[in-house]
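Visitor: The chain contents come next:
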Amino acid sequence: MQHIETEHHDGTSDATPGGYGNRRRPGELAFGALMLAASLGLLWSAYGISGFEALSAPGTVPMATALVMVVTAAIVVAKTARLPLVPNETLARDIVPATVLVFIAFLIAYGLLLKPLGFIPTSALFLIAAVRILSRRNWTWTLLVSLGSLAVVWLVFRIVFTVLMPSGIVPEAEFIQVFRNLFNGGGA
Amino acid sequence: MMQALMGFLTVFSQPELLLLVGLGTFAGVYVGAIPGLSVTMAVSILISFTFSWDVYPAISLMIGIYMGGVYGGSRTAILLNIPGAPSAIATALDGYPMAKRGEAGTAIGVTTVMSFIGGFVGIAVLALAAPLVSDFALGFQPRDYMLLAVLGILLVGSLSQGSLVKGIFAGALGITIGAVGRDPLTFSERFTFDFQILEGGISFIAVMIGMFGVSEALQQLHNVDKAAVRQKIGRIVPSLGTVKKHLPLSLQTSAIGVTIGALPGTGGDIAALMAYDHAKRVTRNPERPFGEGAMEGLVAPETANNAAVGGAFIPMMTLGIPGDAVTAIMIGALFIHGLNPGPMLMIDQPDMFWFIVGALVTANCFMLLFGLTGIRLFTRIVEMPRSVLIPLIMLLSIVGAYAVNNSITDVYWMIGFGVFGYFMRHYGYPLGPVILGVILSRLLDDNWRRAIISEREDLGRFFEGVLTSPLSLVLFVSVVLIFVSQTPVWAKGKALLFSPKESAKQ
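Taken in sequence, the protein lines are chains H and D. According to our numbering, the first sequence holds residues 1 to 188 in order. According to our numbering, the second sequence holds residues 1001 to 1506 in order.
Chain H on its own, in the form it takes in the complex (with noise of 0.2 Å):
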């Protein structure tokens, strides 16, 4: 087949992953290796589950799948240390801009926040800082659009759906239950 040039070196999707062929982009030797680490301890690990006991014990299928990544880490790795850098990548601007960290931070912190302070206020905090960094609009606009959105996913998705989401700090149920009480008034 013809090859077609789709220019996915960043993996966009899932039948054409990133990476170069022929090149090594900034960091790709360092996440081989720690895979290659991970699969040695995974190995270790299906090792302990019942050792070579018998071909049906459980550790059998965990201790092969662990040794082929041992394998396969290790010819990743092997490989990829042979091929020369890319020209113009750096880790900082290609691999893990600031903007993605920030944002790995971000979702970190919304999982800290989500049972504490409850699904609305860290969606909030949530939408309201992703949206301001990303856009770089005025605080009006940041403010409408991401409360404007957050109000359509919690229709949605805790009114039509019914998904429980922690409450937190927000009496959330009080809430629904006067929505209820004033439509059921109004229909009686």
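Hints may be right or wrong, so weigh each one.
Said to hold, decoys possible - What follows is a list of derived Cβ distance ranges for each label pair:
| # | chain 1 | residue 1 | chain 2 | residue 2 | range |
| --- | --- | --- | --- | --- | --- |
| 1 | D | P1248 | H | A151 | 45 to 55 Å |
| 2 | D | A1495 | H | A37 | 33 to 43 Å |
| 3 | D | L1497 | H | K79 | 49 to 59 Å |
| 4 | H | L67 | D | D1225 | 25 to 35 Å |
| 5 | H | R23 | D | L1005 | 53 to 63 Å |
| 6 | H | V152 | D | S1052 | 19 to 29 Å |
| 7 | H | A109 | D | A1124 | 46 to 56 Å |
| 8 | D | P1385 | H | V100 | 10 to 20 Å |
| 9 | H | W141 | D | A1129 | 45 to 55 Å |
| 10 | D | D1348 | H | E53 | 44 to 54 Å |
| 11 | H | W139 | D | M1006 | 51 to 61 Å |
| 12 | D | N1405 | H | G148 | 26 to 36 Å |
What the hints assert, rightly or not - Calculated cross-link-like contacts (lysine to any residue; reagent style SDA-like; alpha-carbon spacing at most 25 Å):
| # | chain 1 | residue 1 | chain 2 | residue 2 |
| --- | --- | --- | --- | --- |
| 13 | D | K1494 | H | I75 |
| 14 | H | K115 | H | L125 |
| 15 | H | K79 | D | I1482 |
Derived by calculation from the structure, the hints in this document are not laboratory data. Where is the CB? At the ideal position from N, CA and C, for every residue including glycine.
Dock chain D against the given chain H, drawing on the hints supplied.
Guide: Positioned in the frame of chain H, the structure of chain D alone reads:
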């Protein structure tokens, strides 16, 4: 027969289901069209919201999104030269040049009709072939299932355009993730590292949302400043003459689409690229050269990627092996609803199979309807700034991961796998095999143990069984061939066979 007919008609007889398929298809067209929102991501997020529903409404919505989403990617490929979905990469090659000539309406019309034709061919093949494959699969031994699982994971790794070694690594990683927790047979702890939290295993939905949703959103942060381009839309519905002219190519590429779609782990992306390549080779005198607005360059990939949808359901429904990432997620949805995809599903609950066929037919019709209408509104919606879209995808991913078990741990898993998947994307590790590995881990493990126990723990007897059973032998040879076909020895041998002179020079 009556049960099959009842199953097929279920979707048409219940307005709620019809509405959900329509809603799903409509949403799918837009989800597929918006760069940064993939169908896989949308379905993986959706599964967590619909798991408390009945199975029919949940599947209706997912099928609509799937069918609409595969088509929707072509819209932005044509209008903005940004494929909304990977399956529309080839569409952009000729669609955008047409749009630049002011023929965006014609291009959209042709892609819609061809997607409709491709979709129908795929569904027809599914309806005809699946019962036969299913009957055949009833004779499968545990070792065949085990080999099939290995084959499925390997195919994903080898047919995706990256390195096979990285594909195999990803597949093995997926199986390992799937093995975390207590072994269901012996209750032994596996990869728990004495953490109680790991004893229940890792939620595959959290893995899926992280890998496909969060990693994609993080990836889109690189493109946040790309501006949208405005377009003019002309005549949309193509003439009968145009459709007739391209029907032979459409049927050929439908066959490519459905075949590629039926191979575990491939799907619309590869089907579209192969169909485009086929069109380039068989079209003798295109009105315009390929890459400069050839109509054939639109017809081939768009027919193939929609035909691949029906194809992807064949291994999923008959063998319990997903045809692509979306069907892998749908298998998860069926599991959640207490159903077990595979040959027994076709026997025990044929109505479910025929319901899926009915839902696909309906979604295909809705796709034609939504595809030919609302294009002006569409151009406004796809201009939604990424600065709003990306945070919303992240928010939906979090809500989705939390909603499955009301567990904050799943959110952490999702974030972890999202970040990990982001690096995997950048360094050329395919994500599909990880998900397939997680899904197939149990199938592989259980069937290996059953097979080896039945051979009294004797590896020699096991291989004797493989070599003496025609089916096992075919599967085993396929596994070996995939390995060998990726080695330098194979490449050298192929070069010697097909162009001995050039090889000799080298």
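Visitor: Now tell me if each hint is right for this structure.
Guide: Tested hints:
| no. | hint | in the structure |
| --- | --- | --- |
| 1 | D/P1248 with H/A151: 45 to 55 Å | holds, 52 Å |
| 2 | D/A1495 with H/A37: 33 to 43 Å | holds, 37 Å |
| 3 | D/L1497 with H/K79: 49 to 59 Å | violated, 26 Å |
| 4 | H/L67 with D/D1225: 25 to 35 Å | violated, 45 Å |
| 5 | H/R23 with D/L1005: 53 to 63 Å | holds, 57 Å |
| 6 | H/V152 with D/S1052: 19 to 29 Å | holds, 21 Å |
| 7 | H/A109 with D/A1124: 46 to 56 Å | holds, 51 Å |
| 8 | D/P1385 with H/V100: 10 to 20 Å | holds, 18 Å |
| 9 | H/W141 with D/A1129: 45 to 55 Å | holds, 53 Å |
| 10 | D/D1348 with H/E53: 44 to 54 Å | violated, 36 Å |
| 11 | H/W139 with D/M1006: 51 to 61 Å | holds, 58 Å |
| 12 | D/N1405 with H/G148: 26 to 36 Å | holds, 30 Å |
| 13 | D/K1494 with H/I75 | holds, 24 Å |
| 14 | H/K115 with H/L125 | holds, 14 Å |
| 15 | H/K79 with D/I1482 | holds, 20 Å |
Consistency note: the structure conflicts with the earlier hints numbered 3, 4 and 10.
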